[in-house]
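Engineer: Order-wise, the sequence lines are chains A and B. Taking this note's numbering, the leading residue of the first sequence gets 1, the next gets one more, and so forth. Taking this note's numbering, the leading residue of the second sequence gets 101, the next gets one more, and so forth.
No lab work stands behind these hints: they were computed from the structure. Just so you know, even glycine gets a beta-carbon here, dropped at the ideal spot from N, CA and C. Certain hints may be false.
[Unchecked claim] Cβ-Cβ distance ranges computed for the label pairs, FRET-style: (1) A:Ile5 <-> B:Phe252: 36 to 44 Å; (2) A:Gly100 <-> B:Arg280: 26 to 34 Å; (3) B:Ile290 <-> A:Leu15: 23 to 31 Å.
[As the list claims (entries may be wrong)] Listing some non-contacts, in silico: residues in chain A with all C-beta distances to chain B over 10 Å: (4) Ser32; (5) Leu98; (6) Ile99.
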Amino acid sequence: MEISINTWIILAGGLATYLTRIGGHLVLSRFSSIHPRVEAALNAVPAAVLTTLVAPAAVFSGPAEAATVIVAALAALYLPGMAVFAIGWAAILAFRALIG
Amino acid sequence: MNPRREMIDGVLSATPAMIAAAPFGLLFGALAIDNGMSVFEVALMSATIFAGASQMVGIDLFGDRIAPWLIVLSIFAVNFRHVLYSAVIGRHTRSWAAWQRFVGFFFLIDPQFAEAEKRAESGKPLSFIWFVSGGLTFYVTWLFEGWLGAVFGSLVKNPADYGIDFLLTVYFLVLVMGFRKRSNWLPVVIVSAVVSVGAYMLVGSPWHVSIGAIAGVAVAAAIGGRPKIMVE
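If we strip away everything but chain B, and leave its shape as in the complex, we get:
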């Protein structure tokens, strides 16, 4: 294993997600200031929570005089999918030291998880250096974007004009399609899509994510694991 190569690969793996998430980092900073938060609070939120959707939910609730424990619980609920990520990625980190897991898993956000799964699937080792290089790349830019949005909020008046508000959806779609060789892929995607759309209408956001994901995962468990045939 060449550490330098691992580092470069890690940084490169984070690049598409970095581009796709940039408008949301800026938007988060701008909205947070609009909701009466300070620049310090914006930076602290990006630095400690480091999860776009739950940060948006957080600033939404800050404005409404809601009990603090309820805000924390909401953030926890929005990020609950990370429990699944953690269980999945943990299986590829047997060679890591305990401290490396406690450090590395801090960076286990949506794109980092997906890129790590892709890497493990491609047969390359999931090294700590690769993982942290990608994670840190995203982390630093995410912090910077939030700060930039907070200080120059007017820069992002209308992201829809440039189509950038939809880039994250496209990026996640690319990732979904990238996993299509896995067993049970089609039934899982169909059920997750239908259930998340239904939950979005009936229960509302952000619960549709957990509900749809659990439905898809349950389908895979019900069908069970056929031995994976590696034919291209």
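So that you can see chain A by itself, here it is in the shape it has in the complex:
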């Protein structure tokens, strides 16, 4: 069976992706101690990256999406994750029906 160029691109893309997932650890594990500023930077990674996945969607999608993000963020101050998830789902449906 001949292997198509698409297949090679996919395999190379898979390898490149795997390298990003193992690479950060391999580089960091070469250092025996971690500077406090690096430590602070690493602790900020979840909030920093995940925020960039939310912010443009909240700003550029429309009023219903922006309102949903505000409601869900407020709910998250008081309720556990799964409840907020359900509220967010209900909110996007309600806001889209009401304000488009």
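Guided by the hints, dock chain B onto chain A, whose structure is given.
Structural biologist: Below, chain B alone, put in the same frame as chain A:
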């Protein structure tokens, strides 16, 4: 440590993300077929790359007769944030054998990373069994969804009608809020949000993710690590 308990916890931790990502798995399969890919290529892509956003970028470029190395580079660029995930999670895996890291880190996608950080933060051990149980749960369903979308693409004509196109954003928002007790959280979130929105307008997607994330992380490095006070 009870391996059975760890396994169940791992599977449960992947469940919300599984629901939130399902429409995107289906959409990926459907769009890939629309772009002229075969069902085999769809499955291979989900199985080897295993990263939603970069798979979307990939199929977008396949259609345009772009140089293969450029497509691979684009996939690498979209997934570059995983380098940071890897460095962060690596600190919690000291008890793992080397082979367990090489296997486990394959599953280090956005939700897996966030759930692992949450678990480590809650003081529970980040065991290999927990990590791989969650990762595999997501992996198998992701593969299945891509295949389903490829074969029955017409099932997902209009995901916006059910609000499911916005679930992933809600899920990521829940995760962001979940980390709010961490030091520097508010300045990091504000800067990442503002910079990613600006980069989205000026540079475009998917670069806004890396640019916004680096800005937020830089703020944390500049402020530095105050000793974390654990008061509830």
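Engineer: Going back to the hint list, which numbers does this structure go against?
Structural biologist: 1, 3
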